[in-house]
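**Student:** Chains as they are written, first to last, in the numbering used here: chain H, 1 to 238; chain D, 1001 to 1245; chain A, 2001 to 2300; chain X, 3001 to 3126.
These are computed hints drawn from the structure, not numbers from a lab. Honestly, I wouldn't trust all of these hints.
[What the hints assert, rightly or not] Chain X stretches covered by chain A per the calculated footprint, using a threshold of three residues with CB under 8 Å from any CB of chain A:
#1 3009-3015
#2 3036-3046
#3 3049-3061
[Claimed, not checked] Here are the simulated lysine-lysine pairs, DSS-like style, with alpha carbons at most 25 Å apart:
#4 X:K3053 x A:K2256
#5 A:K2255 x X:K3009
#6 A:K2169 x X:K3053
#7 A:K2255 x A:K2207
#8 A:K2169 x A:K2131
All residues carry an ideal CB built from backbone N, CA and C; glycine is no exception.
Now for the letters of each chain:
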Amino acid sequence: MSRVLSQILLFLIGIAIVFMFKFKRPKFYRPLSWKLNVLATGLYLGVLIMLVPILYMLPAKDFIKTVESKDQAIASSLNLMNNLYNQHFPTEGDLDKLEGVYKNSCQTFKVDSSKLSFDLQPNIGNYPILIERKDIDDGEIDVSTYVTAQYVGEVNFTKRLLPPAITVKNGMLSLRAPDRQTFEFKQFNIDFTMAQFDNQNSSIHEMSPHFSNQIIVIRVPQSLEINRGVLGDRIQII
Amino acid sequence: MMSLKEVDLLSISIKQYVYKLKAYSTLFYGLLLAQIITLFFSLNGISHMSSSNGELSVSVNSYSASLVIVFSFFWILFAAIQLTTKQYKKIENPLVTNRISGNLSNIGFLMTACVFGGITSSLVGVLLRIIMYFTFDRSQIISDEFILAFSDLLLGISVAILYMVLISGMGYLTGMLTKVSMAFVIIIPAVIIGISKAYADIFQSLIKFFTLESSLPLFALKVIITSILMFGVSILLSNRGEVSQ
Amino acid sequence: MNVIQCHDVTKSYGQNRALDHLSFEIGENKITGLIGRNGAGKTTLLKMIAGYIKPTQGELQVFTRKPFNNLDVSAKTIFIDDNMTFPDSFRLTDILSEVAPFYAAWNSSLADALFNYFSFDPNQAHSNMSKGSKSTFNSIIGIATRCPLTIFDEPTTGMDSAVRKDFYKALLKDYLEHPRTILLSSHLLSELEEILEDILLIDNGSKCLHLPIMELRELAVGIRGNEQALLTFVEGKELIYKEEFAKGSLYVVIKKESIEQEFKHVRQNGLEVLPISPDDLCVYLTGKTGGGIDDVFKRS
Amino acid sequence: MILNTDSMKPIYVQIAEWLEVEILNSNMKEDERIYSQYQLADMFTVNPATAAKGLNLLADENIVYKKRGLGMFVSPNAKQFILTKRRKQILEQMIKELVIEANRLDVSESELIMMIHNFKQDYKEE
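Using the sequences and the accompanying hints, generate a full structural model.
**Tutor:** Spelled out as structure tokens, the structure:
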């Protein structure tokens, strides 16, 4: 995109230079009559004014909306992470109710072994993995992933995060982080002339990101044996 | 034939204003060019931020049409200075004129240029939004200020006009001072740099006097009074006597 | 009543005096030629009358007002010279129509007729014209404005002789229908002397002569003849010019009134009386020394 | 109308002489209105003041007379007067010059008369 733009820009500068030379008036210079000048500037103004209603007629549905409750959500998610750090582990039910935490994925696997061991990538994010034992032996492993609020500026894009890929096979739960995700946002700032009187002290927005944390909650049948394995310190059994 | 039919200063000034509007109409191409070029610069974004935490990276491109307005400000500054130059003054000679009518018509022209510049520079923001709407991935656009409130647009136009009036007054006064003495060509930048270095707080409060004013009526009042002062001093300077030929 | 009253006017630029205690009056509806050599102060004087510059000393009144920075005087005065500038965004026809509203007496049919007569290209730029065409075009403005005071500073610079004649003829014809005060400056009197009523001759910023052109013709005569005879004849009289044009032969220019009585004896002394064109007379009157350029070459 | 600007005669004299010739050639009759100073200025491309002086020259000699508010008119006997005047002034002046020049060239009186006679003959044959 930007390459096309810079090409257009070069083209325009070229035209500008050609015009400059034209203004240098060679031998048979014919002046641009003021009538033409007024026409050109009038046309320019006219086109710009015409654009105003066009802008308001464009449907605004596809845009990213911003949220107001950013601070609360972030505080709540920070609180959660603190609790986790301090070994206060929430149950899945708690997480569902918490503000600033979103369920990202939910999968159910059949138990195919009496033991559950883990295959974790060493390099993936420091996901806390909470294991909750069910009251019953239903032979099913429910895996839910949660993410805490993810913001950039005031944009909540938590829901766009891909959950890690989780599979259970032969008593081995493997967790693969998704490919590196990139998110691009285009933030428009109002003109400084408007910002000065728009109760906004700066027209340039703080667009600092707030990265989320993922929590994986695994609910296992009551009798399933858990083998934490090498990276077992990340796995907490409630 | 001998009777001196009094000529009306105002009607002569208006005639001169119309004459100059046509005469200087080529000046507007400079503004158009500046606005279009800065529009395309603005399409590349004014700032870029990206960060990552290992698993994901987030980048935010900031867009703004402010650059267009800033360049329009530069244009009005140079236009105002240019009007005071000998080359531009010379076109008054074949007309019925005196110093005051010449200045009044210049000010009239500058005010027109300010209104035109203020409106167009703010409306280029609309054009920028429309171009972005059709050429960018809309799902990446944050709606917040992309959707421009009409009241904000009107506000932006009036504030841009006011700033341009202020800047044109500064330019005109600067040009007039240099007509009084070429020494001002050196003195004015020296004083500005001097004050900004040695008395940074005074200089900043001078700028903040306008830029941090958050009440529009107060801002308008400040701008109008300052501009009247600057234009008034300019007229007095030029009316003072024979300007060096 | 006088349109221009100039009393003891001096204009200095630093040490230089462009005008030096100049006094004269110009009456209404007269065509006056301002004649002087290059650097005599013609342009300075005309610019001052047009209100472009201010006298350093003395009193200058145009239409009974000080012309400098005066809107009323400006409305009744047009100053035409080859430095007139018009905006680049005006084509020649635009200039005529845009200048018109400023001058109450502007006659656009006359302007258009003259414009067509001199076959200008309506779409041309003023800044792109040749010197002669520019002078012609500016003169059209000068005539068509019909200002009560019309000033031309060297109007015929660059014009060919046919256009010069046309210009003077056009100016005179329009003047006959619409009399106005006209000031024309030139260093060449011969081309415009016929249409003049008065002549104002200045030299080094001072007035040399100001009189009706008809009197200028009768002001002086040239006498040529034997050096001895001539010198005795003009003895004790003020000579305007003296030149030795051949060995033993002398040529002098002398005021007619000073030899009125002896005029009949001129022939008998073997002297020849020659008419002097006003043009030559002006050159002699403003001459730096008695001799002229020939003296430079006579040293050896 | 072309004036001889190199002539020693001032323009207003030339104009007066031209008007006299017009009267002599009967282009203007007695009591007929003569050109105004403005018409003359236009015809000769001269300043009207110059033309007026030419007319005044004629008025001084009573060749024309003024009618208040109406302009100038050719006097009765103007033609006759001009003829007499020209004979007297111009011809006599020319003869004076002729004689002086003849003396300078050593032409005797009889020779001079012969030359005049011969020239008149030639002029007739033409």
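**Student:** So, for every hint listed, does it hold in this structure?
**Tutor:** Cross-check of the supplied hints:
1. Beta-carbon proximity to chain A at under 8 Å applies to 3 residues in the segment 3009-3015 of chain X; the threshold of 3 is reached and the given coverage holds.
2. Here the segment 3036-3046 of chain X counts 6 residues with a CB under 8 Å from a CB of chain A, which clears the bar of 3, and the coverage holds.
3. Coverage of the segment 3049-3061 of chain X by chain A holds. Counting CB-CB distances below 8 Å, 3 residues qualify, and the rule asks for three or more.
4. Taking the CA atoms of K3053 of chain X and K2256 of chain A, the gap is about 20 Å. The hint holds against a cut of 25 Å.
5. Annotation: proposed proximity of K2255 of chain A to K3009 of chain X holds, straight-line Cα distance about 17 Å (limit 25 Å).
6. At roughly 20 Å between alpha-carbon atoms, K2169 of chain A and K3053 of chain X fall within 25 Å of each other, so this suggested pair holds.
7. Taking the CA atoms of K2255 of chain A and K2207 of chain A, the gap is near 18 Å; set against the 25 Å cutoff, the hint holds.
8. With a C-alpha separation of about 20 Å, the suggested pair K2169 of chain A and K2131 of chain A falls inside the 25 Å cut-off, and the hint holds.
Consistency note: the structure conflicts with none of the earlier hints.
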